[in-house]
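K.L.:
Listed below are the residues making up each chain.
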Amino acid sequence: MSQIVPILRIGDTLLVSLQGELDDTAVIRVEDQLTREVARTGATGTLIDVSGLSVVDSFIARVIARIVGMTRLLGSEAVVVGIQPAVAITLVELGVPMGHLDTALNAEQGLTLLRRLRANGHRAG
Amino acid sequence: MPTPRNGNRTAADRAAADRLRGLEAMLDAIADYAVITLDAEGRVARWSRGAEALTGHAPAEAIGQPAAMLRTAEDRDAGLPERDLASARATGRCEVEGWRLRGDGRRYWARGVLTAMRDGQGRVTGFVEVTHDATAAMRAETMFRGLLESAPDAIVIVEESGRIALVNRKTEELFGYGRAQLIGHDVEVLVPERFRAQHPALRNGFFAAARARPMGAGLELFAVRRDGSEFPVEISLSPLETDSGILVSAAIRDVTERRDQLRQLRRQRDEILELSTPVIQVWDKVLALPIIGTLDSNRAARLTESLLEKIAERQAEVIILDISGVPTIDTMVAQHLLKTVQAATLMGAVSIMSGVRPETAQAMVHLGIDIGHLRSRSTLRDALQLALQIVRDRAGDGSRAERTVTGEGGL
Amino acid sequence: MATELAEPRALVVRITAEADLILVRQTLRSEAIAAGLGLVDQTKVVTAGSELARNILTYATGGRGDVRIEQVHAGERRGVRATFHDDGPGIEDIELAMRDGFSTRGSLGLGLPGSKRLVDEMTVTSARGTGTTVVIVKWKR
Ligand SMILES: Nc1ncnc2c1ncn2[C@@H]1O[C@H](COP(=O)(O)OP(=O)(O)OP(=O)(O)O)[C@@H](O)[C@H]1O
Ligand SMILES: [Mg+2]
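Chains as they are written, first to last, in our numbering: chain H, 1 to 125; chain U, 1 to 411; chain G, 1 to 141.
Keep in mind that the hints were calculated from the coordinates and are not lab data.
Quick caveat, the model's predicted, so the values are computed rather than measured.
Note that the Cβ used here is the ideal one computed from N, Cα and C, for glycine as well.
Honestly, I wouldn't trust all of these hints.
[To be verified] Okay, the calculated beta carbon distance ranges per label pair:
#1 R267/U / D100/G: 31 to 41 Å
#2 I246/U / T58/G: 47 to 57 Å
#3 Q264/U / Q26/G: 31 to 41 Å
#4 Q264/U / L74/H: 52 to 62 Å
#5 Q26/G / R267/U: 23 to 33 Å
#6 I183/U / R14/G: 48 to 58 Å
#7 P327/U / R105/G: 37 to 47 Å
#8 L73/H / D284/U: 34 to 44 Å
[Claimed, not checked] Partial list, computed: chain G residues near chain H (C-beta under 10 Å):
#9 G36
#10 L39
#11 Q42
#12 T43
#13 T47
#14 G49
#15 R54
[Stated by the list, open to error] With a Cα cut of at most 30 Å, we get these calculated DSS-like pairs of lysine-lysine:
#16 K310/U / K339/U
#17 K140/G / K339/U
#18 K116/G / K339/U
#19 K116/G / K140/G
#20 K140/G / K310/U
#21 K116/G / K310/U
Based on the provided sequences and hints, a complete structural model is requested.
P.N.:
And the structure:
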C-alpha cells in the first residue's frame, strides 16, 4: 500500500511535502496529482519540499525534475526546497542532471524565490 | 675327568663368557656414551671406554669408587646420588641429568638413564648407568627457554593437533592462566568464542604450508583472557622443526595500547583537519570557507561535508569559497570544488569563488567544467561585497538589483 | 584465509517488487549506521543500493533477485558491504554498461557508473545468460 502525499494550497501557491520512505508509486502519484492541481487551480507557483527525504535516488530525482518541467510548461514556476546536505552531495556524485532546478533552503526563501521568478517572468542564470 | 654334562656346562659357561666379552667389547665400542656398571652398593664395577673418554678417568682410578665420585659437591651434599640409586632400585629405572665432574676438574652436563639389574630372585645385584655429554643441547635448551621466558610477547608453542606444548611467563601474565592450565589443552581456549569454530581449519591450513608470517594479514585479531575479556592482538607465526614433528610458535602481542594510540592519533588528525578548514560566518546568511593548504581527496570530502552542513544549520544563502591559500588546483581539486558548488546550489545557496588565479581559471575552463551559476571575484574583499549585495537584494524586493548582480557574475 | 571476516550476521533482502526497494534502503541504512558510517556516507551507500536494486527490478528475469547486506572489517577499517544478485539475462558488455549515459532502455544510464562513484569499491560480475552480481563496499572514514 503506498502513501498518500497531501497537496496544500496557500493563495496562488501549491505546497507539496515529500517525507520519509516514499515508494515509486507514491512519487508518481504526486506527479500526476500535482500536474492536475496546477492546471485546475491555475496556481502560479509550486513549492516542492523535500526536506523530509533522507534518500533521493536517480528515479525520485528524475520524477522531481519532471514535475518542475511540467509545471513550467503549464505556465507556473516550481522551486525545490530543503534538499538535505547529504542528499545534495550524493545527487551531484551520482550525476543526476539537476542544474536547471530552482532551489531554496527553506519554504520562506522558496516563496521569496517564487515571487522573484514570477516578477522576472523568466529564470535568472 | 669331566662328565659329558660337566663338559656341556663348561661349554655353556664358555659360551656365556664369550657373549659377555662380546657385549663388553660392544659397550667399549660406544664412544659417545659412558657405560658404567655399579655393584649393589653403588660402587663402580666396570668402566667402559666411553666412560673413560667422557670423564677423563682411567678404569683403574674408578673401579671400586662410589659412583658419586663424578657428582658435584652440591649434588653430593644434597644426597642426590643416593636418591638416584634408591629410585632405580624401587622402579627399575631412573632418568639422570645434571652436572658431572671430569678428571681435569671441568664440568659437563650428563643426561641418561640408570637401570637396576636383578638376579633370578629379583634382588638388585647392581646398576648400569648410561649417560652422554648433553652440555651443548642443555645450553641450547637453556638459551631457548631463557629467550622464551624473557620474550616481550606471549609465546605459545602449538602441536599439529592444536594442543599447546609450551607457553612462557608472559602468556600466563597476559591470559591469566597458569602454565599447567594451558599445556596439553587446545589453543582455541585463547581464541574468542565467535572465531573458535573456524580456527582449527585456519590452523590446519598453516601447518599444511608452514612458513613464518603474521597471522590473519590485515585483520583485526582478538584474543580472550581466562576471565572472558577480549583484547586486540597481533600474532606472528613461525614453524619449528623438531624431532617430534613440526610445532608452531605463535608470538602474541597485546596491541590495546597501540590501537588506542592510533585512535587518538586519528582523532587528533581529524581535529586538525577540521580546524584547518574553518567555516566562518561573516554575516547573517553568509559563510566563508578560506581553504588553506593542499587538498587531498579525504580533506576535500570533509570540507564539502562541513560546509554543506553549515549551510543547512545557518540557513546561509551565500557561501564564499576562498582558494587563494591553496598552492595548486589540480583536476581532482577543481572537480571537487565544482561538486561542492553544485551541491550548495542544489540546497539553495549561491556560491562565490574568490582568489581564483588566472592559471586556475584556465585549467577549469579547459577541463570542460560547467561553470554554470558560479560567480567569482579575485579577492576575498570583493567576494564579500558581492555576497552582502546578494543578501541585501534578496531580502528586499530588489529583483531588479539581483538581476544586475547576476548579470555581472560569472568567472 | 579471507582478507575480511564477515560478521556472522548477514541480512538478505529479497527483491521482487517495487516495495522491496524501501526495505533494501532501510536495511542498508541501519547496517551502515552500525558500521559507524557518517550521515553522508550512509546516504551515498543507500542511494547506490537503491540504484542497483532498481536495476534488478528492471532488468532481471521476472524482476527478481536479492541483496545480502553485512558489516565488514579489514584491519582497523569497518564498513558495510552489499552483494546484489540476480539470475537474469546478465550484462553483455560490462565496460559499456559502466559508462555514463549507456542504457539499453533509453534511460539516463546513471545507475551503474553513479553507484560506483558513491561507494569505495564496486565489482560487477556478469555475462550473457549467467545472471548478474554486483558487490559494493563503503568504508567508515
Ligand atoms: N541486473 C542487471 N541485469 C541485466 N542487465 C543489467 C543489470 N543492471 C544493469 N544492466 C544493464 O546495464 C545498463 C546500464 O545500467 P545503469 O543502471 O547504469 O543504467 P540504466 O538502468 O539503463 O539507467 P538508469 O539507472 O540511469 O535509469 C542497463 O541499461 C542494462 O542494460
Ligand atoms: Mg539503472
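K.L.:
Taking the CB of L73/H and the CB of D284/U, does the distance hold inside 34 to 44 Å?
P.N.:
Holds, at about 37 Å.
K.L.:
Double-check T43/G for me: the hint is only fine if its C-beta lies closer than 10 Å to a C-beta in chain H.
P.N.:
The hint holds - T43/G has a Cβ within 10 Å of chain H, the shortest such distance being about 4 Å.
K.L.:
If you draw a straight line from the CA of K140/G to the CA of K339/U, is it 30 Å or shorter?
P.N.:
holds, 21 Å
K.L.:
With a cut-off of 10 Å on the beta carbons, see whether G36/G makes it to chain H.
P.N.:
violated, 16 Å
K.L.:
Taking 10 Å as the limit, does the beta-carbon of T47/G come near enough to a beta-carbon in chain H?
P.N.:
holds, 5 Å
K.L.:
Quick check on a hinted range of 48 to 58 Å for I183/U and R14/G, using CB atoms only.
P.N.:
Holds - the Cβ-Cβ distance for I183/U and R14/G, about 51 Å, lies within 48 to 58 Å.
K.L.:
Does the Cβ-Cβ separation between I246/U and T58/G fall within 47 to 57 Å?
P.N.:
holds, 56 Å
K.L.:
With chain H as the partner, please determine if R54/G meets the hint condition of a C-beta pair closer than 10 Å.
P.N.:
holds, 6 Å
K.L.:
Would you settle whether the hint for G49/G is holds or violated, based on the nearest Cβ-Cβ distance to chain H being less than 10 Å?
P.N.:
holds, 9 Å
K.L.:
Hinted pair, alpha-carbon criterion (30 Å max): K310/U, K339/U. Please report holds or violated.
P.N.:
Distance ~16 Å between K310/U and K339/U Cα, so the pair holds.
K.L.:
So if I understand the rule, the pair passes when the alpha-carbon distance is 30 Å or less; does K116/G with K339/U pass?
P.N.:
holds, 16 Å
K.L.:
Holds or violated: is there a CB of chain H closer than 10 Å to the CB of Q42/G?
P.N.:
At about 7 Å, which falls below the 10 Å cut-off, the nearest Cβ of chain H leaves the hint on Q42/G intact, so it holds.
In the structure shown, a violation is registered for the earlier hint numbered 9 alone.
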